[in-house]
Structure formats: structure tokens, C-alpha cells
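S.K.: Required output: the full structure, derived from the provided sequences and hints.
Heads up: the protein sequence lines correspond to chains Y and G, in order.
So for the first sequence, my numbering puts the first residue at 233; every next one is plus one.
So for the second sequence, my numbering puts the first residue at 12; every next one is plus one.
If you're looking for bench data, these hints aren't it; they were derived computationally from the structure.
Where hints are given, some of them may not hold.
What the hints assert, rightly or not - With the C-beta cut set under 8 Å, the calculated list includes, among others, these residues of chain Y facing chain G:
{"id": "1", "residue": "412"}
{"id": "2", "residue": "419"}
{"id": "3", "residue": "468"}
{"id": "4", "residue": "474"}
{"id": "5", "residue": "610"}
{"id": "6", "residue": "613"}
{"id": "7", "residue": "614"}
{"id": "8", "residue": "642"}
{"id": "9", "residue": "665"}
{"id": "10", "residue": "668"}
{"id": "11", "residue": "693"}
To be verified - Simulated coverage check for chain Y against chain G, where a stretch passes if three residues somewhere in it have a Cβ under 8 Å from a Cβ of chain G:
{"id": "12", "region": "460–467"}
{"id": "13", "region": "625–633"}
What the hints assert, rightly or not - Listed below are several chain Y residues computed to face chain G (Cβ distance under 8 Å; list not exhaustive):
{"id": "14", "residue": "411"}
{"id": "15", "residue": "416"}
{"id": "16", "residue": "472"}
{"id": "17", "residue": "603"}
{"id": "18", "residue": "606"}
{"id": "19", "residue": "609"}
{"id": "20", "residue": "644"}
{"id": "21", "residue": "664"}
These numbers were taken from a predicted model, which means no experiment stands behind them.
Beta carbons are placed, not taken as given, at the ideal position from N, Cα and C, and that holds for glycine.
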Amino acid sequence: MSVGQRWSVEQVEAIAPSAASVTAAHPLATLSCWQGAGVDTEALWGSCQGSGAEPYDTMVDHVRVGFACTCPSRKRPCKHSIALLLLWARGQVAESAAPTKVESWIVRRITVDRSTVATTPNGQAESETGTDSGVSADDPAGPESERDTEASPDIDRDQVRNDRVERMFAGLTELDRWLDDRIRTGLADASLARYSTWDSLAARLVDAQAGSLANRIRRLAGLVGASPGWHDDVLAELGMLHLLSQAGRRLGSLPGPLADAVATSVGWQVRHADVLAGVPDTDQWVVAGRSDTREDRIEVRRLWLRGTSSGRWALVLSFAAYQQALDTSLEVGTSVEADLHRYPGAALRALVGTRHAEPLDGVHPPAHTVAGACDELGVMLATEPWLDCLPVTVRASLTRSGSRWVLTDDTGSLPMIESAHSDAGSGIATLLAVSGGGPVDMTVEWTPHGVLPLTIHLADRSIDIGPRADDSFVSAA
Amino acid sequence: MSIDTPVPQSSPAQTIPAPTIPAQAMDDHWRELVTVAMLGTDRRDPPEPVGPLADLVADTVRTAPSERMLAQVAACVAVRRAGVLPGPPVDSLAGPAPDERPPCVPAAADRWHHITVSWPVLEDEWMLTLISNGWRMPPELVALVLRRHRRDLVRRTRAEVACGPLAPWLVNQLPELAAPTNKVSPSPESIGELPELPIPPDLAALLTAPGDESGRMLRAGIESGQLGPAHRAVLVNLLARVRPDALLDLAKALDSVDQISPGYGLAVALADLAKTRHQMLDELNP
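M.R.: This is how it looks when you write it as C-alpha cells:
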């Protein structure tokens with residue numbers, strides 16, 4: 233029997249929810265703390281004597297990446313799972329046959345995973361990382377629900393759900409109180425410059441099942457002092473957080489689709505299987521743009537698809553922890569006839585279901601004027617003003633307005649996002665070289681801070697110039 | 012980015028025109044909100060909401076200044092985002108001088124990416140073949156090439172020749188791409204010649220040998236263990252300079268190295284190098 237590829241210590245540390253979790257796990261990563269530890273081709277398991285009277289039963293799916301533990305921690309993976317992985321990474325866990333309980337857990341995970349295999353390549357990380365569209369990823373066999381069912385199979389699911397809702401509402405109330413404090417004491421308050429001010433709130437929001445809001449808070453921390461106009465940016469985001477927290481606390485009185493959109497934007501998790509069970513949106517989907525961003529210790533890939541018939545946009549996400557691969561099954565500049573299954577509400581985010589044909593090359597979405605692009609963005613933002621990342625295809629020239637790059641045509645101009653490093657190393661340089669200052673069709677990502685070029689669409693091909701994940705962090709697919 | 016003026020309507024079916032706020036008034040109001048936010052509502056009360064915004068945030072439940080302020084900020088941001096309007100048109104840049112040379116095929120651009128990541132030893136030949144066959148650099152590579160070759164003057168000069176008039180134009184727009192100016196210009200001979208690569212005398216004979224013969228010898232050497240990972244650097248040099256018409260035979264021979272041979276991994280890598288160089292020359296030769 234072979235246990236497959238053993239993880240490295242770096243890979244274990246990369247999936248930990250925080251550095252503190254790794255620190256807490258290290259004392260437990262000794263054989264003396266564990267009973268019945270074992271590993272096979274799919275799973276790791278063992279019982280760890282913790283602070284409770286009974287030992288905690290821990291199981292790790294090291295192939296599809298999933299965790300279950302009977303400990304009361306809300307963190308996933310908990311310190312016991314990390315400790316068990318560390319033991320394994322050091323070669324201290326013996327190969328053996330899995331106990332029945334572990335086997336049945338793995339079978340359930342495989343069953344769920346098969347239904348999502350079209351959209352989640354093997355080994356791809358699933359995380360609670362929120363995205364710029366204000367939605368969150370969910371594990372195929374979600375850790376929270378998994379823990380609930382593993383620990384107490386007979387537990388009333390409605391009660392579990394009510395508990396989650398209650399925790400989320402409490403988190404939103406706390407968020408609003410925190411926002412109120414910021415507004416009372418002012419943005420010039422020195423505490424804003426301390427990362428702990430934001431990080432502790434983010435951690436509490438994760439506990440409160442509001443992972444997407446937690447990610448927004450962490451991103452917001454990065455805006456403080458980042459530009460001369462950071463006060464504008466931070467205040468605007470505080471306003472959007474207030475809007476979401478208020479809407480989240482009134483979910484019951486909102487119209488259905490809006491309630492769904494708010495819930496997913498707050499971080500309410502939806503199982504892949506539930507999404508894939510929804511009515512498919514079948515179309516010829518043009519892969520118009522790609523953008524990779526690092527969120528904490530997870531690389532997030534956004535793929536923007538546009539329906540040829542419907543003209544609707546969709547967002548397909550993939551995630552990779554350290555040395556894992558991002559989804560490369562959708563290539564920019566191609567189109568594929570496929571079923572997309574949208575998340576609840578009028579969500580942009582979708583999962584790819586059945587693909588009906590091989591991808592076609594040399595297609596791109598129709599381009600708007602600059603004014604037309606603003607109209608399209610305005611319609612999407614009027615529906616969900618908290619979205620902070622939207623795609624649009626525009627035909628325009630790149631030029632300078634003062635010190636800033638802008639896209640322009642005779643209907644107006646749109647500012648480009650200011651590069652954090654150098655324009656020479658960004659998509660702007662390639663866009664400039666390819667266009668020679670003339671008009672070209674391009675797909676861009678709108679953000680409140682400006683637009684980011686993702687793809688240049690030429691007559692015979694598309695050039696992918698979106699920000700790309702660091703090769704030293706993610707592995708090739 | 013300026014803003015549109017309509018306040019979002021509660022229903023798309025509404026027929027009464029939406030009340031509007033002058034864009035300038037909304038901008039002014041936002042600036043007031045930012046000022047108050049800087050100081051904090053403990054020190055300064057929030058401004059009175061303007062126009063229809065007042066109706067939008069009217070709420071008797073919100074009594075604390077901070078609550079009224081947050082409601083105004085949220086409403087104001089939502090209106091500004093949903094009402095996004097383009098800024099005024101801006102003059103376009105004057106383009107670069109025309110370059111009469113045709114751009115090379117897109118596959119050559121993809122090959123350049125593969126070469127720079129996996130086989131940088133081929134980059135000089137890629138560039139010189141491109142120039143000598145009268146192609147111009149694919150525009151999507153120009154910024155990458157100029158940034159990559161800022162310090163090595165020989166390669167920089169080649170890159171500028173390959174990029175044509177686009178290079179100085181782009182450097183003018185993005186001065187970070189400029190090369191240091193305090194170096195001596197390279198000689199014309201060094202620009203046009205491939206750099207010599209060290210190849211041991213016992214392998215040098217393979218440079219001009221027919222492909223089937225050199226392939227047979229390489230395969231035998233790798234399978235017998237005479238050529239192993241320690242020889243990788245010189246074998247790479249050999250394949251980077253071997254006569255082009257031998258490349259396919261060499262790749263075929265390397266692909267057929269016994270999988271249980273300790274040098275199998277090396278053979279696979281060298282076969283990729285041989286194929287890459289063959290495809291590179293195929294794409295760049297008319």
C-alpha cells in the first residue's frame with residue numbers, strides 16, 4: 233500500500249487558518265499525544281487527548297483536502313488536524329487500514345466530490361476566501377456542516393442552521409458596532425494603522441460565518457495609508473460594509489433574489505452540490521478575462537465568462553494553497569458551450585457543469601464605447617452596489633491624463649487602476665505596446681479604484697495580460 | 012471618474028422620473044463626509060444630507076450622529092457607484108513610427124515564453140533568427156523583452172533592433188523600460204553573432220554529424236551511464252548549437268532512451284530542448 237504523495241511541512245502550514253494555529257499545533261505534533269494514528273491512500277486519522285475528558289477524533293482527507301474533528305474549535309483545519317498533518321509530513325504516521333468510520337467519511341466525500349469534479353480539479357484548495365464579487369467558496373463537504381453531522385449524526389439540521397444564522401447575525405451586529413466606533417473616533421485615529429485592529433474583527437467574523445466580510449475587512453486594512461486618497465477609499469468601503477451588515481440583518485424582509493445575493497456576499501456558504509442541482513444557464517460562454525490575486529495564503533483565480541446569447545457575465549473561481557494548482561481548464565480567448573450553475577440570487581459566481589463541446593478559439597465579446605461600458609457597469613452596480621470587481625469589454629485607447637493612465641474614446645474616459653509597483657511590469661505596458669496608443673478591444677475589470685486590463689482582443693487572437701499568480705507559490709496544473 | 016445624478020429607483024417599473032442630485036452637489040457632499048469621517052463624529056456632526064439623499068437615509072431610529080453618518084456614507088457610495096459616468100475624453104497618444112516588417116507568427120511569441128522559462132540558452136538564437144529573417148518582435152513581447160534586457164547591452168541592442176520604432180516610443184511612455192545610459196556601445200560583430208558555448212572536444216564532433224548518427228551516440232552514452240546529469244550543461248550547449256537539420260533525429264533518439272536507464276529524465280529534458288529549438292527555427296524561418 234502506498235499513501236500517495238506525502239505533504240511537506242510548508243504545505244501543511246499553508247492550509248492553516250493562521251500562524252497561531254500552526255504554533256498551537258506544534259506541541260501536539262508528537263506521537264505521544266496520539267492514539268491509533270494511521271494513514272492510507274486517502275486519509276489520515278487519529279485520536280488526540282485534548283483538554284476534554286474524551287480524546288478528539290481527527291480525520292483528514294489528504295487527497296481532496298478536507299478535515300473533520302470532534303473538538304469544539306470553529307477553525308478549520310483545527311490545531312489537531314494540523315498536528316496530525318505535521319506528524320505525517322515528518323513521516324511519523326504509520327500506514328494502516330482505515331477504520332470503518334474513516335472509510336465511510338471518505339466515501340461520502342468522494343460521492344460529493346464526483347458531482348463537482350467538473351469544476352474542482354483534484355488537489356485544488358477550497359477555502360473560505362471571499363472574492364471581489366463578495367461571495368465565498370465552500371468546501372464540497374463543507375467543514376462546518378461536516379463537523380456537525382460527524383459529531384452528532386442525529387442532530388436536527390434546522391437547529392444547526394438556526395445556530396449558524398444566529399452566529400451570523402451576532403457577527404453582523406458586532407461589525408456594525410465596530411463600524412460605529414470607527415466613525416465616532418475618526419479615520420485619523422492611530423488604531424487604524426495597526427493590523428490587529430482589523431485582524432481581530434476579521435477573525436470574529438470568520439467565527440460568525442461571515443467569511444466574505446472578514447476578507448473584505450482584511451483587504452480594507454491594506455488600503456490604510458496606501459495612497460494619498462486612502463481616506464476616501466476606506467470610508468467608501470466602510471459604507472459598503474454598513475450596507476451589507478444592515479441588509480444581512482434584514483434578510484427576512486428582503487425580496488428573495490436580493491436576500492440570496494446579500495447572504496452570499498456576507499459569506500453564507502452554499503454547497504457545490506446544491507449549486508450544481510440548480511437550473512443550468514446554458515450558453516456559448518466566452519472566456520473573456522482572467523485575474524489572479526493572493527488573498528492571505530490562498531491564490532484566487534477569477535475567470536470572467538460572457539454568454540454569447542444572453543450577454544450575461546459569470547464568474548468562475550478557483551483557489552490554490554501553496555504548491556497547489558489553479559484551474560487551467562478555461563483558456564482566455566476561447567469559448568465553450570456549457571451549463572453554468574449560478575449561486576443563489578442574481579449571482580455572478582457560477583460553477584461549470586456539463587460541457588457540451590470542445591472549446592472554440594478566436595472569439596471575443598462585443599466591445600462597448602467607454603460610455604456604454606459605464607452604462608453596463610452602472611446597471612450591475614445598481615443591483616448590488618457592494619460588488620467591488622466587475623468585468624466589461626470596451627474599445628478604447630490608452631493614454632495619459634495628467635499623471636494617470638486612462639482609457640479613452642470620444643464618449644469619455646475611464647481611469648486605470650494605479651499599479652502597486654511599476655507600470656512597466658504591468659498589463660499597461662503590454663497594452664500600450666500592442667495598441668501603439670490606438671483603439672483596441674479589451675476586457676477590463678472595474679474596481680472602485682480604477683479599471684485593470686485583463687485581455688486584449690485582436691482580430692486573430694486574444695492576449696491574456698491579467699495579473700498572474702506567482703509561479704513560486706502555485707504549481708503548474 | 013465622475014458620477015451620474017439619478018438616485019436608484021425602488022422599482023424598475025416606476026414611471027415617475029427619479030429625483031436627481033446635481034453631480035457637483037454630490038461630490039461636495041462626499042467631500043464633507045470624508046472630512047467628518049477624518050475627525051470623527053465625536054468631534055463634528057455629520058452634514059445634512061442633500062436632496063433626495065435625505066429621503067433615502069431618513070430614519071427616526073438612527074439617533075446617534077455616527078449612525079446617521081454611516082447611513083449617509085452607504086447611500087452616497089451606492090449612488091455614486093451606480094451612477095458611474097465616464098470622465099471627459101482625453102487626447103490619444105501619437106503612435107510610434109510605422110514598422111514595415113511583418114510581425115512573426117503568434118506561435119513564435121508563445122515559444123519565446125517557453126524558451127525564457129525553460130531553455131534560456133536558445134533566446135539569443137531566437138532573437139537573431141527573428142531579426143535576420145526580417146520579422147519584427149510581436150508587440151505583446153516588446154515590453155517584456157525591453158524589461159528583461161535592460162543591463163546586457165548586446166542583448167538590449169538586439170532587442171531594440173527587433174522591436175523597431177516601437178521600442179523608443181514605448182520607452183518614452185514608460186521611462187522605467189530605458190536602459191542605463193552610461194555603458195559603452197557593443198561592437199556590431201558581437202550583436203550579430205551567437206555567443207560561443209563551451210562544448211568538450213569529445214562531443215564537438217557531434218555538432219556537424221548527421222542527426223541519426225549523433226542521436227545514436229547520445230542515446231548509447233545516456234543508456235550506458237557515460238553521459239549523466241553531470242553532463243547536462245554541456246549536452247544542453249551541444250543541442251543549442253548542433254546543426255538544425257539534426258534536431259528531429261536527435262529528439263527521436265532521446266525519446267527512445269530506455270525508461271529504466273538512470274539518464275532517462277535527462278534524455279526527456281534534452282528531447283524537449285531539441286524539439287523546442289526545431290519548432291523555434293521552423294516558426295521563424297519563412
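S.K.: Going through the earlier hints one by one, which of them does the structure break, listed in rising order?
M.R.: When the structure is compared with the hints, none of them turns out to be violated.
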